[in-house]
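**Q** Since the structure of chain A is already known, use the hints to place chain B on it.
Here is how the chains run, residue by residue.
Number of protein chains: 2
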Amino acid sequence: MNRSYVHGYDTLESGRLEDQARTLEDLLHHDTRYPPESRVLEAGCGTGAQTAILARRSPGARITAVDIASDSLAAARKRLAAIDRADVPFLQADCGCLPFADHDFDHVFICFVLEHLVAPEGVLRELKRVLKPGGSLTVIEGDHGSFYCHPETRAARRVVRCLIDLQAACGGDALIGRRLYPLLQRAGFDDVRVAPRVVYADPSRPAWEEGFSRNTFIAMVSGVEKAAIDGGLIDPDAWRQGIADLEATIGQGTFHYTFFKAVARGPRK
Amino acid sequence: MNRSYVHGYDTLESGRLEDQARTLEDLLHHDTRYPPESRVLEAGCGTGAQTAILARRSPGARITAVDIASDSLAAARKRLAAIDRADVPFLQADCGCLPFADHDFDHVFICFVLEHLVAPEGVLRELKRVLKPGGSLTVIEGDHGSFYCHPETRAARRVVRCLIDLQAACGGDALIGRRLYPLLQRAGFDDVRVAPRVVYADPSRPAWEEGFSRNTFIAMVSGVEKAAIDGGLIDPDAWRQGIADLEATIGQGTFHYTFFKAVARGPRK
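Chains A and B, in that order, give the protein sequences.
For the first sequence, this note's numbering begins at 1 and goes up steadily by one.
For the second sequence, this note's numbering begins at 1 and goes up steadily by one.
One chain only, chain A, in its complex shape:
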């Protein structure tokens, strides 16, 4: 797995992802619940932000989580222990080459992972291999190209573009949300259903302005400042202006972003 430096593994990032998980939990997870005793794989669990949500929402499910990065796994184990779910096993593994038998899981869940991959279709085929026929695959991804705001300036669009370009330079695709449908079709899943999950913030929705606009999206863009400037994509003044313009929408303008959630079935043979 080629995870880029765009979303990192450091402590600040981990805090950001936790904020994001809380704010977005209802929007993204309200319709994901796994039955007691069902075997669930979370592929690419990172520091366990989504694992904790899954474990809380599906307390009887037997969840296994894998990630390629040992430091992420350590953080994830700690996070789950803190909510008394030390029973969730975390395994170090590449999502493209999983240490599980064919059809081992009733359900597979993967969230904010495919965007980082050079070959997302290959990983999806591997997830299909370990999924029971008729079992469910759930994929959640963002799409940074779905972002817009008001007032919207050229400088604001430019800093967001830096994030997209940096992810592309690492072989990822920050615009993957819009192509989940064809991707899952091509990977051979059945009954592919994709639905947009829209974030809309304006001053009548301060929890979204703070929780998403400021603490999730602007924080994520801000996280690539050094990479964007050092990489020659933008100069420091233009960067500061773009971030300031994004922040200026809060409390007076509007902020728009779309996530995509796909649910598909493992092929019945």
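Hints were generated in silico from the structure; no laboratory data involved.
On a predicted model such as this, the values are computed, not experimentally measured, just so you know.
In this text, a Cβ means the ideal position worked out from N, Cα and C, and glycines have one as well.
Honestly, I wouldn't trust all of these hints.
Unchecked claim - Cβ-Cβ distance ranges computed for the label pairs, FRET-style:
id	chain 1	residue 1	chain 2	residue 2	range
1	A	D165	B	D102	49 to 57 Å
2	A	Q185	B	S70	47 to 55 Å
3	A	K226	B	A119	38 to 46 Å
4	B	L27	A	P35	31 to 39 Å
**A** Positioned in the frame of chain A, the structure of chain B alone reads:
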């Protein structure tokens, strides 16, 4: 009212608007219902596509519709007569200067109108004048800047940009959806609540691919071909390529557009 040539009044346009009204009716109108005997004003009714929906969904409400264009009003009267609602009065009037007393209406409805106006805030203030204190204003608008698709080409984005630029050249704002919140706030309404209404089409949703992607959105973009080419915004080859690229998403890719619906209250004095 400065209505541009971007959306016209000819027969083809009228057919397109009817298709759009049907496809989008549930998405946009499912939560608009006026009580029997309430006085409802539709401002800028055009050829009556929305008026017919209001009349059907709120059969007991006393609807009055106004538009500045007499030929549109003639088409609207005909449309309502065809569904046995010839009782709906249609008046020729400028939405910025309405022939009604202060606080004359319990509810005001305006749909796909503000985008065409040079001074939408002034019209909103006039609507506020004729609305009872605490009465509801409902506004529905699109936002062409919310459009994206997959696969997305430069040529596809360019033809959509032509539509936006032509509307701007006429003094309108094809990106008005995103600024409904600040606009209604500034016009002095209370309890402003805006919600995105998202269109997402992929091959699993053929009704949306045909009803929206092809027959609404691509048809609307296609409607400005002559204006865009004659105006020197684009050459014929680039135009054809852009439209072909938009059409190529149907049946294999994805198509994304967001409408905005705002509901606000007339100020209680």
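**Q** That 38 to 46 Å hint for K226 (chain A) and A119 (chain B) (C-beta), does it hold up?
**A** Holds, at about 45 Å.
**Q** Is the gap between the beta carbons of D165 (chain A) and D102 (chain B) within 49 to 57 Å?
**A** 54 Å, holds
**Q** Holds or violated: the 31 to 39 Å window for the beta-carbon distance between L27 (chain B) and P35 (chain A)?
**A** Given a distance of about 32 Å, which is inside 31 to 39 Å, the answer is holds.
**Q** For the range 47 to 55 Å, tell me whether the beta carbons of Q185 (chain A) and S70 (chain B) fit it or not.
**A** Holds, at about 51 Å.
In this structure, every one of the numbered hints holds.
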